Amino acid sequence: MVLMQIAEPGASENPAEGPRKVGLGIDLGTTNSLIAYFDGEGLSVLPDEKGAASLPSVVHYGQSEVIVGDAALAMAAEHSADTIASAKRFMGKGRAEVSDDGYLEFANEGLAFATTRGPVTPVEVSADILRALASRASLAGFEQLDGVVITVPAYFDDAQRQATRQAAELAGLPVLRLLNEPTAAAVAYGLDSADEGVVAVYDLGGGTFDISILRLERGVFEVLATGGDSGLGGDDFDRLLADHLLAESGLSDLTFGQRRNAIACARGVKELLSEQPSCTVSLDHIVAGAQEVTVERSTLNGLCSELINRSLDACRRCIADAGIEQVDRVVLVGGSTRMPLVREAVATLFGREPLTHIDPDQVVAMGAARQADLLVGNRGKDDLLLLDVIPLSLGVETYGGLVERLVHRNTTIPVVRAQEFTTARDGQTGLLVHVVQGERERVEDCRSLARFELSGIPPMVAGAARILVTFQVDADGLLEVSAKEESTGETTHVVVKPSFGLEDTTIAEMLRAGYENAGADMLARQLTEARVDAEQLITGIQAALDADGDLLDESERDELLVAVVALEAKVDGNDVEAIRAAVEHTGKVSELFAARRMDRSIQQALGGLSLETLEQEVGE
Amino acid sequence: MVEVSVDREAGAPRDYFDLFQLPAEFDLDPEDLSRRFKLLQKQFHPDRFAGKPPAEQRVAAQLSAELNAGFNTLRDEVKRAGFMLERQGIDLKSLEREPVEGDFLLQQIELREAASALLASEQEEANIKAVSALHDSAKGLYDEWLAAFRQAIVEDQVEVAGRAWVKLLYISKLRAELPPLVAAETS
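If you read the sequences in order, they're chains A and C. If you count the first sequence from 1, position 126 lands on 126 in this note's numbering, and the numbers rise without skipping. Going from the second sequence to this note's numbering is simple: count from 1 and add 1000.
Rather than coming from a laboratory, the hints here were simulated on the basis of the structure. Computed from a predicted structure; not experimentally measured. Be careful, since some hints might not be right.
Mimicking SDA-like on lysine to any residue, the simulated pairs with C-alpha atoms at most 20 Å apart in a straight line are [as the list claims (entries may be wrong)]:
1. C:Lys1079 / C:Pro1023
2. C:Lys1139 / C:Val1158
3. C:Lys1038 / A:Val269
4. C:Lys1042 / A:Gly607
5. C:Lys1079 / A:Gly607
6. C:Lys1038 / A:Phe221
Work out the full structure, taking the sequences as your base and the hints as a guide.
Shown next as structure tokens:
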């Protein structure tokens, strides 16, 4: 561990490292979920004890137990209200935002499913799916999990991303990164092919549609633009086909359970029609005496064409946003891209045959596994870097209910943007900052992410106060906002939390409940972890001082050394919180030093390049 | 709340030419800039600091964000021009508010009227040609003012450069709003 890595680019960072760390990739899908591993050579999906690769994203909440996957799916018919499918569609959403499409029952005002065990939120359902996936890791013989990368649709907004992180936290999984699904797919394909160029990823999953356009150049995968529709997917095809089947069978007034079974039946018909031009189905098992129906592929195509066209419109917008003329490769992701009509439409739009040689159901998890391996610190020979973008613009409400955008969609992350605002009234001492996400001009047409108040503004005439609002979006696409009154330095700082997710305290409580029996173990583990962090930091600072001590003046160096000495004293004690606080403090003090060292290494990194450019110029 | 000034990158203002170790000149090789950007991101992106102490992660994230902002600014001609003015201590927001010559405005209004007439009409051959001609005249204007900016900045005439930059802003906005070019060669 060094404070700043000043190794030659591409050189092995830590050759004396111990065994390979374990980072796994998780595709937390609407319909199916997977977990995959990269061993440095190849990618594999971790199966369950029966050898099944994909886990249906279905959870059954029974009186005595929680069942996930195929077994839950099998119980869906009999216990429809207690069996939750497609929970991903409700992640990070409020009651008012979802249409009650006939097979959901809500427990109360907030968004939770009513089950025999009481209300269950989409975050909890997702956490149960994540736990089931993580158990496959121990089945595969991994004793310790160093971290996971979880994929999300590129079009997921901040609240949906936060909800996904919460689910992982609840499941006790250390999240290295949230990765956009199309980007993950591109990474999986990028492994097989050293080709540089522009790649379009068309991802039509169960519940969401994503399109991303990326450029691979010099080992950097740069997302140029992304778009999509978070409410369009294969499930919609199933529902349309189910309606058609029910109408043709002369059925109406179905119960929740019957309708769900009809949808499941429609899904089967849809999948069959990818293989054969027509098929005959009977809904007799749902309602006795139902007539047989024959469905042609062309009928299914007719039902779905409007939805598919919607996806193509999003593709055209994305091409325009990316500012590119042509695409070199097209990658298909998601089970719904098995439909012949989808493949034809995509091939026509992009003018080339799509790549499909990696299973479209597994490609996302595999790309995530590749990235997880890199992020836990197993640096490979190719060292691919991903530069992703923020999918939706972020802004604040300004005078008259209008949106002032600070970060525009398709901006490469991480990003920091600041803008100055002022007061509208004389003597105004507080300012309400309303943070929104979306592309529309008016606040009511955008998604409201957070509201917070900056108080303590000294009374002044309207327009005299200077309030600096800073938006910071990290590499996960998650937002932090702060507001600062510049004359007093009064600062308010918020991490945007989903308004409809779980409160932090709720999560902490749930985690505590989970660890009830492991209390002492937990404490011991936390103490060990805190000490390791502290020792790493101290060693790093010492090494950095040896290498670049000249970057600090005497008083700066003394300040840093004082912090280090104080930290060393805490490490000898048993107070976890005190060690953490000292680590945090020492870290903060060392930031200036780290920043200067990075500046120095910029010069080193570009040194060779500048010479090369110079030589070119001289040569001309 | 009320907006008061043009958005800017947070933190201590960074000289992006410095950041990429480039001379502070308007003309640059986009390929070279992109190569520098990628080389530095490969070293300082937060992905390279996963599992490192939080303080180091924060500094790296800040630097990575600056690299993104700098790359975005320098690769775009109009943004790069604006940044060069800011480096000279010009406040871009008040520059934008300064009045623009009447004949320039008139010219802009005429082009805009022509554009909206074409937007409303059918895509017939004559119109396709007219759209293409409109793009050409906007591009001509843009090149003209860009040349003016370039010369002024070389000659250290910051105010002249500033006035040229404002024209470039107008023209860029107009160009973005023109009806899209249709490939006329296909017929």
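Hints, verified against the model:
Under the criterion of a C-alpha separation no larger than 20 Å, the hint pairing Lys1079 of chain C with Pro1023 of chain C is consistent with the structure, at around 17 Å. Restraint check for Lys1139 of chain C and Val1158 of chain C: not satisfied, since their Cα atoms lie roughly 24 Å apart, outside the 20 Å limit. Pair hint Lys1038 of chain C plus Val269 of chain A does not hold up; C-alpha atoms about 48 Å apart against a cutoff of 20 Å. Under the criterion of a C-alpha separation no larger than 20 Å, the hint pairing Lys1042 of chain C with Gly607 of chain A is consistent with the structure, at around 15 Å.
A C-alpha spacing of about 26 Å is found between Lys1079 of chain C and Gly607 of chain A, which places the hinted pair above 20 Å, so the restraint is violated. Taking the CA atoms of Lys1038 of chain C and Phe221 of chain A, the gap is near 10 Å; set against the 20 Å cutoff, the hint holds.
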